[in-house]
Amino acid sequence: MRRDLPLGLLGLAITLAVFEVLPRSGLVDAAYLPPASEMLRELGTVAGEGEFWEATGQTLRGWVLGLLIAGAVGVSAGIVIGGVPLFREFTASTIEFLRPIPSVALIPLVVLIYGSRPQSALILVVYAATWPVLVQVLYGVADVDPVARDTARSYRFSRLATARTVVWPTALPYVLTGFRLAAAVALILEITAELVVGVPGLGRSIGVAQSSGAVPRTYALVIVVGVIGLLVNVLARALERRLLHWHPSVRREAVA
Amino acid sequence: MLANSGRRVAAALLVPSVLVGLWWVLTAGSTNFFWPPLSTVLRAFPDTWFGERIGTDVLPSVARLTAGYLAAVVLGVAAGVAIGRIKTLRALTEPTLEFFRAIPPPVLVPVIALFAGYTGDLSKIITIALGCLWPVLLNTVEGVRAVDEVLLDTARSYRFRRRSRLRHVILPAASPQIAAGARQALSIAVILMVISELFGASHGLGASVVQFQRGFAVPQMWTGIIVLGLLGVALSVIFRIVEHRALGWYRGQRQADRGL
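Those protein sequence lines, which keep their order, are chains A and B. According to this note's numbering, the first sequence is numbered sequentially starting from 4. According to this note's numbering, the second sequence is numbered sequentially starting from 1224.
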């Protein structure tokens, strides 16, 4: 991994160079694709504006809040449904049916009810991000070793003790995978709501920049959103590795 | 046996029917503008969707979705195999690809709108394809990377040609991971289909739903939401069937591994 880093940086540099040369050479009209240096310069200007930081804060706030609600709903519903076989059997079809309903289908509804207030984004984010968590928790609870469960029962573990010492450690890797997926989905929906519905945040800033013809600014903001997405991925993976350092899947990765 | 399958059907249908029943009962006498009675919505359904709208809005949307999605799968697998096989290329491109993947796909819409405006089919197809490309590409890279080296050496020592190595060793071994990427891409494709139409189109499934909403045609808007939901469900069922057929051997092998 460490050895690959210089090559990776070289790759990034090549990409930047391509984005510099394409418009400068006239292969692509600079009115649509400004040179990379111009995007980066604009990025510097943008970073000096209070408005930009406010929009970033709004986006991050909506994302975190939605993710936390989705996580709480997904984990608690998952543990209840997954823990009772009867519930599991009777809700499987409903979950399979509701999950693929695209969250963007709800856009017209939230626009009617909340307009461009942050609640619109929150509903979309929560709806979209709950499913990955819920489904992963269900997988996790189903994966509990029957022998471990029976052992706990014959030692007369209380329900709570079983949940804490048998079910939760098994489910934890699944829960974290669910969170990682949900974090990415939540960011997508937050930006979508801002872009399409006009909820305040970075997405709306991008829409405004594009429609007012501020081309370098559009790209600068897209880069910012990409960096945020990248940080979300990296942080989620780091968290996973930290919380699961005892787990075989993480330990195997470290050896290889 | 019969009782068992009867129970399964009951289990599958019970909660959904209760939910629809609740929806029906709770909205039955509704005078709330946003939540019209379900009966009104269902009555509006055939008039809204079974006329010419299928030809002018639904089918073009689905066609754009299919075109963009398939283009992304083909491109993603092809590029993913190359990047996964060639170590230097992988090291060179990995951070760049991670960055592009991290850009939330909806912001592609304004960027592509810069280039070509946002009225034609092509810009929408490109949006869908670009958004779906990354999950397929990166999952293919991971899958190809994890191909068993012994298998590859064996194939080489039996003098498999490059092409048959690809077809009989690399692609099958990577296919479960490719399928995982393709599944992620499918939900992104639906999101982008709708968003690309919200942004600049007078026709299409997403565009009509928004027109209903702007015109305060609330029952029609609800029918649109139902159609989008059904489309999402239908696509995931089709995907599952395709995956089931293509990866049947894989499930069998996993079961054998677990000693079932």
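Calculated from the structure, these hints are not laboratory results. Virtual Cβ for every residue (Gly too), placed ideally from N, Cα, C. Mixed in with the good hints, there may be bad ones.
[Unchecked claim] Quick look at which bits of chain A chain B covers, simulated, 3 or more residues with Cβ under 8 Å: (1) 7 to 13; (2) 107 to 114; (3) 166 to 174; (4) 187 to 195.
Item to check | Indices of hints not satisfied (ascending) | outcome: 3
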